[in-house]
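Visitor: Assemble chain B with the ligands onto chain A, guided by the hints.
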Amino acid sequence: MNFHLTKEQTLFEQMIKGFAEKEVKPLAAEVDELERFPEETVEKMARVGLLGIPVPAELGGAGGNNVMYAQAVEELSVACATTGVIVSAHTSLCIAPILESGTPEQKKKYLPRLASGEWLGAFGLTEPNAGTDASAQQTTAVEDGDNYIINGSKIFITNAEYAHVYIIFAMTDKSQGVKGITAFIIEKGTPGFTFGKKEKKMGIRGSATSELIFENCIIPKENMLGKVGKGFGIAMKTLDGGRIGIAAQALGIAQGALNETVKYIKERKQFGKPLSAFQNTQFQIADMQTRISAARLLVRSAAFKKDQGEKYSADAAMAKLYAAEVAMDVASKAIQLHGGYGYTREYPVERMLRDAKITEIYEGTSEVQKMVIAANLLK
Amino acid sequence: MNIVVCIKQVPDTTEIKINPVTGTLIRDGVPSIINPDDKAGLELALRMKDQFGAHITVITMGPPQADNALREALAMGVDDAIHLTDRKFAGADTLATSHALAGALRNLSCDLIITGRQAIDGDTAQVGPQIAEHLDIAQVSYLRKLDYDGKGTFTIERTVEDGYEILETEAPCLVTVLSDAYPSRYMTVKGIMEAYAKEVKVWGFNEIEVKEEVLGLKGSPTKVHKAFSRGVKAAGELYELDTDEAVGTIISKLKEKFII
Ligand SMILES: Cc1cc2nc3c(=O)[nH]c(=O)nc-3n(C[C@H](O)[C@H](O)[C@H](O)COP(=O)(O)OP(=O)(O)OC[C@H]3O[C@@H](n4cnc5c(N)ncnc54)[C@H](O)[C@@H]3O)c2cc1C
Ligand SMILES: Cc1cc2nc3c(=O)[nH]c(=O)nc-3n(C[C@H](O)[C@H](O)[C@H](O)COP(=O)(O)OP(=O)(O)OC[C@H]3O[C@@H](n4cnc5c(N)ncnc54)[C@H](O)[C@@H]3O)c2cc1C
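Protein chains in written order, with the numbering used here: chain A, 15 to 393; chain B, 110 to 369.
No lab work stands behind these hints: they were computed from the structure. Careful, some of the hints might be misleading.
Calculated from the model, a selection of chain B residues having no Cβ within reach of chain A, i.e. all distances over 12 Å [as the list claims (entries may be wrong)]:
1) Ala163
2) Ala247
3) Glu279
4) Thr297
5) Asn315
6) Leu326
7) Glu354
No more than 27 Å apart at the CA atoms, straight line, and that leaves these computed lysine-lysine pairs for DSS-like [to be verified]:
8) A/Lys188 to A/Lys235
9) B/Lys362 to A/Lys287
10) A/Lys319 to A/Lys21
11) A/Lys235 to A/Lys123
12) B/Lys126 to A/Lys277
13) B/Lys364 to A/Lys36
14) A/Lys283 to B/Lys366
15) A/Lys371 to A/Lys212
16) A/Lys58 to A/Lys36
17) A/Lys39 to B/Lys126
18) A/Lys123 to A/Lys244
19) B/Lys364 to A/Lys280
20) A/Lys36 to B/Lys366
21) A/Lys36 to B/Lys197
22) A/Lys39 to A/Lys235
23) A/Lys244 to A/Lys193
24) A/Lys123 to A/Lys241
25) A/Lys283 to B/Lys364
26) B/Lys197 to A/Lys277
27) A/Lys393 to A/Lys31
28) A/Lys39 to B/Lys335
29) A/Lys280 to B/Lys126
30) B/Lys366 to A/Lys280
31) A/Lys58 to A/Lys215
32) A/Lys31 to B/Lys366
33) A/Lys287 to B/Lys366
34) B/Lys197 to B/Lys320
35) A/Lys31 to A/Lys123
36) A/Lys287 to B/Lys126
37) A/Lys280 to B/Lys362
38) A/Lys241 to A/Lys202
39) B/Lys366 to B/Lys126
40) A/Lys58 to B/Lys126
Bear in mind the structure is a predicted one, so any value in this text is a computation, not a measurement. Glycine included, every Cβ here is placed at the ideal spot set by N, Cα and C.
Chain A extracted, bound-state conformation (with noise of 0.2 Å):
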């Protein structure tokens, strides 16, 4: 039993600090006032290598791991869980898919762009009628000689418009049910593919939110990822990686609000006294730190499992379950500390609760993770 980060952990931690606390915290505010997708940012991770970090160094990544990939997601989301959640969903919808179920020729065309942050990838499963119920497809594919021509839409999106690749799933034969779902590798620019209403969102504002829209879009057979019918498998195994993310996006959130708590509770006077001498106060702040430490060995050791190559779904989920549950309860606690301050814009904290919501329902709904866990215990 080793609780301690590696060498290459640690060095990494001392920089991803820095860097969020410099170059994303600095736009945290503007990016969910304006909802602005923060472009620069972008940019610069590519530059630092975030945007590639579990992918192999023959491929063009960074040869890194998946709690490295935990840790940045959360230092991401502890300045802004805009920037963590552009980077969760690159990697671990689009990337991760690839890397487990891409043929040689399409890692080698699709990975060395995406880990150097040339593109942004997406990942579209979400349809009006097929949310929790992801079975229900109701894009279609039809096969056409060498090519399939794609019908339908797909909502919720997240990199939208910004992203150049999208891992998009689609009925193959509709009899087959679930069997009958296939995953495509789609480009932007793909003819009768386009974009259609942008989201205007509580939380998360920065992040672009997009419905995708196919019109007799064709996609050559050289773009199907996995083989035919096996795309829900492969959209619940991207899944079960993506909570890694997300859990470590609303372990992110619920730290920054947890620090800029401290800060201010030193502050901040009443009754002649700092509101960090009150012993309710303290209270708060212990049960808000205990919580966040317990969800962190959650992210870590599913992070960890995944790396190591033994199952990690179960632990994912309850990742993910557990941080979203600590994310909502500590930023919401970080807002009733400040007081009225907390609930105006002028602090971080009323931000923090917005974008918290969001880890209870994205990537399968905290009921969803439940399910998920329950399953493996009964099974």
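Guide: Frame of chain A; chain B with the ligands shown alone:
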């Protein structure tokens, strides 16, 4: 071109707290960092490498944990690292430190030696110039900008009290760099993964040709007469603003601290 950068691992003084009772520094748990001037020196070297191609060696003298500083430099993109460490080097003042470093530098071929102007802990600004004297090469201290013609001539801007001088010198030479001259780049993730796979050469007394009597405590003529701490005051913040903006800033700062 061969460039050698001398770096020192120092306690992060911005994180140092003062024991209110004894008035002494609390060093426990204070993270160690690469001296800020030296980081600018690393950046200068890396820019020379990007622009002209260069082989960069980084060297530090210090205890075993100074290895971290060398790994950080490797992760930023330097090619080689040397760790000078030996019981015989312990207790060195600036003179003995510079003798040891100069000894190591004699083993290397270098066109440009870069040091920081000053270490944030020792604060003497002596080590760089002393190294240049031991090696008998040209030195330019307080560098704020360096240009290279690609053929062996450096044009250097050197900060002086109320302006700067422009100097020209030939390789080999030593420069001491100011921390804000070259804001340093981040380590890359790939660099971090490779930093521990690379070898850090560990050199002791036997690897350098320097007389034992000029090294370590024995070679240190400086004797500390008395150490004391000055009264402590919280660090201030300096703003240069016009009057209207300044008033607004002061008011918002006072509000932030709930003074008004
Ligand atoms: C900002 C944002 C970004 C997103 N990014 C992406 C993306 O990049 N790619 C992508 O494919 N999708 C994305 N999504 C979609 C997201 O994953 C879905 O919103 C989520 O899976 C829930 O689906 P739904 O919204 O249709 O809710 P529904 O499925 O309608 O669920 C509504 C409620 O019912 C509950 N519920 C549903 N079924 C059951 C059940 N059987 N038992 C108990 N409770 C149940 C749910 O838990 C939830 O509380 C994103 C969503 C948002 C808001
Ligand atoms: C009076 C006095 C007594 C001291 N006694 C002791 C003692 O007993 N034991 C002890 O351990 N220390 C002692 N020191 C500290 C030690 O001598 C200095 O830290 C060291 O010589 C460097 O000097 P400086 O910190 O002033 O560096 P500066 O001269 O300010 O540093 C300038 C530059 O030189 C380079 N440099 C400096 N030191 C190193 C290094 N070690 N490796 C690589 N590059 C370097 C860096 O590029 C740095 O930016 C003493 C210092 C003084 C002033």
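Visitor: Please go over all the hints and tell whether each is borne out by the structure.
Guide: Evaluated hints:
1. Ala163: holds (20 Å)
2. Ala247: Since the minimum Cβ distance to chain A is about 35 Å, alanine 247 of chain B lies beyond 12 Å and the statement holds.
3. Glu279: Nearest chain A Cβ is 34 Å from glutamate 279 of chain B, so the label holds.
4. Thr297: About 5 Å separates threonine 297 of chain B from the closest Cβ of chain A, which leaves it inside 12 Å; violated.
5. Asn315: holds (27 Å)
6. Leu326: holds (32 Å)
7. Glu354: holds (19 Å)
8. A/Lys188 to A/Lys235: holds (19 Å)
9. B/Lys362 to A/Lys287: holds (19 Å)
10. A/Lys319 to A/Lys21: With Cα atoms ~18 Å apart, lysine 319 of chain A and lysine 21 of chain A stay inside 27 Å; holds.
11. A/Lys235 to A/Lys123: With Cα atoms ~15 Å apart, lysine 235 of chain A and lysine 123 of chain A stay inside 27 Å; holds.
12. B/Lys126 to A/Lys277: With Cα atoms ~16 Å apart, lysine 126 of chain B and lysine 277 of chain A stay inside 27 Å; holds.
13. B/Lys364 to A/Lys36: holds (24 Å)
14. A/Lys283 to B/Lys366: Given pair lysine 283 of chain A, lysine 366 of chain B holds - Cα atoms ~9 Å apart, limit 27 Å.
15. A/Lys371 to A/Lys212: Cα-Cα ~19 Å, so holds.
16. A/Lys58 to A/Lys36: holds (11 Å)
17. A/Lys39 to B/Lys126: Holds, because 25 Å separates the two Cα atoms, which is no more than 27 Å.
18. A/Lys123 to A/Lys244: holds (22 Å)
19. B/Lys364 to A/Lys280: The hint holds at about 15 Å.
20. A/Lys36 to B/Lys366: Holds - the C-alpha atoms of lysine 366 of chain B and lysine 36 of chain A are around 23 Å apart, at most 27 Å.
21. A/Lys36 to B/Lys197: violated (41 Å)
22. A/Lys39 to A/Lys235: The given pair, whose Cα atoms are some 43 Å apart, is violated under the 27 Å limit.
23. A/Lys244 to A/Lys193: With a Cα-Cα distance of about 6 Å, the restraint between lysine 244 of chain A and lysine 193 of chain A holds, given a limit of 27 Å.
24. A/Lys123 to A/Lys241: holds (18 Å)
25. A/Lys283 to B/Lys364: Distance ~12 Å between lysine 283 of chain A and lysine 364 of chain B Cα, so the pair holds.
26. B/Lys197 to A/Lys277: Given pair lysine 197 of chain B, lysine 277 of chain A is violated - Cα atoms ~45 Å apart, limit 27 Å.
27. A/Lys393 to A/Lys31: Given pair lysine 393 of chain A, lysine 31 of chain A is violated - Cα atoms ~41 Å apart, limit 27 Å.
28. A/Lys39 to B/Lys335: Distance ~43 Å between lysine 39 of chain A and lysine 335 of chain B Cα, so the pair is violated.
29. A/Lys280 to B/Lys126: holds (16 Å)
30. B/Lys366 to A/Lys280: holds (10 Å)
31. A/Lys58 to A/Lys215: holds (25 Å)
32. A/Lys31 to B/Lys366: Roughly 26 Å separates the two Cα atoms, so the pair holds.
33. A/Lys287 to B/Lys366: Holds, at roughly 13 Å.
34. B/Lys197 to B/Lys320: holds (11 Å)
35. A/Lys31 to A/Lys123: violated (32 Å)
36. A/Lys287 to B/Lys126: Cα-Cα ~22 Å, so holds.
37. A/Lys280 to B/Lys362: Holds - the C-alpha atoms of lysine 362 of chain B and lysine 280 of chain A are around 15 Å apart, at most 27 Å.
38. A/Lys241 to A/Lys202: holds (22 Å)
39. B/Lys366 to B/Lys126: Roughly 20 Å separates the two Cα atoms, so the pair holds.
40. A/Lys58 to B/Lys126: Violated: lysine 58 of chain A and lysine 126 of chain B sit about 33 Å apart, past 27 Å.
Of the hints listed earlier, those the structure fails to meet are numbers 4, 21, 22, 26, 27, 28, 35 and 40, in rising order.
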